[in-house]
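S.K.: Listed below, chain by chain, are the residues.
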Amino acid sequence: MRIRCPHCGERALDEFTYLGDASVTRPDPTSPDAAGEFYAYAYERRNIAGPTQELWYHQAGCHSWLVVTRDTRTHEISDVKLAEDVASKRIKSTAGAA
Amino acid sequence: MSDPQNEAALKRNGLTISKREDVAVTHVALRRGMQAELEKRASAALGVSLPATARVAEASGKLVVWAGPEQWLIIEPRSTGKDPSVDLAEALKGAASIIDVSDSRVIFRVEGQKATEVLAPSMAIDFHDQVFKRGDVAITHASHLGVMVWRLPDGSGYEFACARTYAVAFSEWLADACGKLTRPA
Chain A
0 MRIRCPHCGE RALDEFTYLG DASVTRPDPT SPDAAGEFYA YAYERRNIAG PTQELWYHQA
60 GCHSWLVVTR DTRTHEISDV KLAEDVASKR IKSTAGAA
Chain B
0 MSDPQNEAAL KRNGLTISKR EDVAVTHVAL RRGMQAELEK RASAALGVSL PATARVAEAS
60 GKLVVWAGPE QWLIIEPRST GKDPSVDLAE ALKGAASIID VSDSRVIFRV EGQKATEVLA
120 PSMAIDFHDQ VFKRGDVAIT HASHLGVMVW RLPDGSGYEF ACARTYAVAF SEWLADACGK
180 LTRPA
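These protein sequences, in sequence, are chains A and B. The first sequence begins at 0 in numbering that gives the first Met the number 0 and counts up one residue at a time. The second sequence begins at 0 in numbering that gives the first Met the number 0 and counts up one residue at a time.
Hints listed in this document are in silico derivations from the structure and should not be mistaken for laboratory results. Each residue gets a CB set at the ideal place from its N, CA and C atoms; glycine is no exception. Possibly wrong hints are sitting among the right ones.
[Claimed, not checked] Residues from chain B that face chain A, not an exhaustive set, calculated with beta carbons under 8 angstroms:
1) V47
2) A51
3) A53
4) G67
5) A123
6) A137
7) T139
8) H140
[Claimed, not checked] When the alpha-carbon atoms are kept at most 30 angstroms apart in a straight line, the in silico DSS-like pairs for lysine-lysine are as follows:
9) K61(B) - K81(B)
10) K113(B) - K179(B)
11) K88(A) - K179(B)
12) K92(B) - K113(B)
13) K81(B) - K113(B)
14) K39(B) - K10(B)
15) K81(B) - K92(B)
16) K81(B) - K80(A)
17) K80(A) - K39(B)
[Said to hold, decoys possible] Partial chain A-side listing against chain B, Cβ under 8 angstroms, derived:
18) H6
19) C7
20) A11
21) T51
22) A59
23) G60
24) C61
25) H62
26) D84
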């Protein structure tokens, strides 16, 4: 498996470190059901057969955090974005909804 | 390689491997929200724009090397006594964080016609001259040692920057890699 880093281009897997699911967002610790939400955030994960969003860190390269869209059945990678771009987009969309 | 620290220049497969102790290395990191300001002041101070992608830029004896997003290394001949990071820190004050990393990074150079052919099998990046062009930079690893490598703009070979802690290990790896058997001419 090779990942195309937006900064560095295509690199071998040994340059990257896997963190986990990129589709979950950290709950608000001040919400009334914070304990329940954090339980779900930490433990209730789906084991998807198909396209997933994952966080990868380009440890041996440019040190960027990446959001990689990977199909767990084929390992095909359909999209790689910088995690900071994904996060700032997410912040904007929640700010717009509020 | 008996003592890589004291070996001036090694020859392997017609390649010359040398350690550049004649240069000062300065690390420049953008401060948040100061991109336009840094671009303007860095161009004035260095005489060349900071490369936004994995490239090097040349300016009157200086080499400006992309060192990851919003970071650069400035490599220039060491002048007598004066630390070039001081002037740069003054010129870029408030727009970037400047650190003299001359003691923390070591620059190695490999020159020779066969440089690409010999190095390509030793590292996991694509060294093809249509992919890794003159002036291109890669931050990667060589046998687990973190390195930056760039193809010299004049096409004469490559330079590597590695942490000084790993300089001995890296130079031994480099000598070994450059000494690998090549196809008979």
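S.K.: Now, for every hint given, state plainly whether the structure supports it.
M.R.: Do the hints match the structure? See the list:
1. Among the interface hints, the one on V47(B) is violated; its C-beta lies about 20 angstroms from the nearest C-beta in chain A, farther than the 8 angstroms criterion.
2. With a cut of 8 angstroms, the hint placing A51(B) at the interface with chain A is violated, because the nearest CB-to-CB distance is about 10 angstroms.
3. Evaluation of the A53(B) hint against chain A yields a held restraint, the C-beta minimum of about 6 angstroms falling below 8 angstroms.
4. Interface hint at G67(B): satisfied, since its Cβ lies 4 angstroms from the closest Cβ of chain A, which is below the 8 angstroms cut-off.
5. Hint on A123(B) holds. Least Cβ distance to chain A is approximately 5 angstroms, under the 8 angstroms limit.
6. Using the Cβ-Cβ criterion of 8 angstroms, the hint placing A137(B) at the interface with chain A is satisfied: the shortest such distance is roughly 7 angstroms.
7. With a cut of 8 angstroms, the hint placing T139(B) at the interface with chain A holds, because the nearest CB-to-CB distance is about 6 angstroms.
8. Against a cut-off of 8 angstroms between C-beta atoms, the interface hint on H140(B) holds, since the closest Cβ of chain A lies about 4 angstroms away.
9. Distance check on the hinted pair: K61(B) and K81(B) sit about 15 angstroms apart at the alpha-carbon level, within 30 angstroms; holds.
10. For the given pair, K113(B) sits about 11 angstroms from K179(B) by alpha-carbon distance, which is consistent with the 30 angstroms threshold.
11. At roughly 49 angstroms between alpha-carbon atoms, K88(A) and K179(B) are farther apart than 30 angstroms, so this suggested pair is violated.
12. The hinted pair formed by K92(B) and K113(B) fails the criterion: a straight-line CA distance of about 43 angstroms is larger than 30 angstroms.
13. Note on K81(B) and K113(B): the hinted pairing is violated, with a Cα-Cα distance of about 37 angstroms set against a maximum of 30 angstroms.
14. Proposed proximity of K39(B) and K10(B) is contradicted: the alpha carbons are some 43 angstroms apart, above 30 angstroms.
15. For the proposed pair K81(B) and K92(B), the alpha carbon gap of about 18 angstroms is at most 30 angstroms, so the pair holds.
16. With a CA separation close to 42 angstroms, the supplied pair K81(B) and K80(A) exceeds the 30 angstroms bound.
17. Proximity of K80(A) to K39(B) is assessed by CA-CA distance (about 28 angstroms); at most 30 angstroms being required, the pair is judged to hold.
18. The interface hint given for H6(A) holds, since its Cβ lies 6 angstroms from the closest Cβ of chain B, which is under the 8 angstroms cut-off.
19. Annotation: interface hint on C7(A) holds; nearest CB of chain B at approximately 6 angstroms, less than 8 angstroms.
20. With a least beta-carbon distance of about 5 angstroms to chain B, the hint placing A11(A) at the interface is held under the 8 angstroms criterion.
21. Hint status for T51(A): violated, given a least beta-carbon distance of 25 angstroms to chain B, over 8 angstroms.
22. Contact between A59(A) and chain B, as hinted, is supported at the beta carbon level, the nearest pair being about 4 angstroms apart and thus within 8 angstroms.
23. With a cut of 8 angstroms, the hint placing G60(A) at the interface with chain B holds, because the nearest CB-to-CB distance is about 5 angstroms.
24. The restraint placing C61(A) at the interface with chain B holds, with a minimum CB-CB distance near 4 angstroms, inside the 8 angstroms limit.
25. Given hint, H62(A) at the interface with chain B, holds; its Cβ is 6 angstroms from that chain's nearest Cβ, closer than 8 angstroms.
26. A cut of 8 angstroms between beta carbons decides the hint on D84(A): the least distance to chain B is about 11 angstroms, and the hint is violated.
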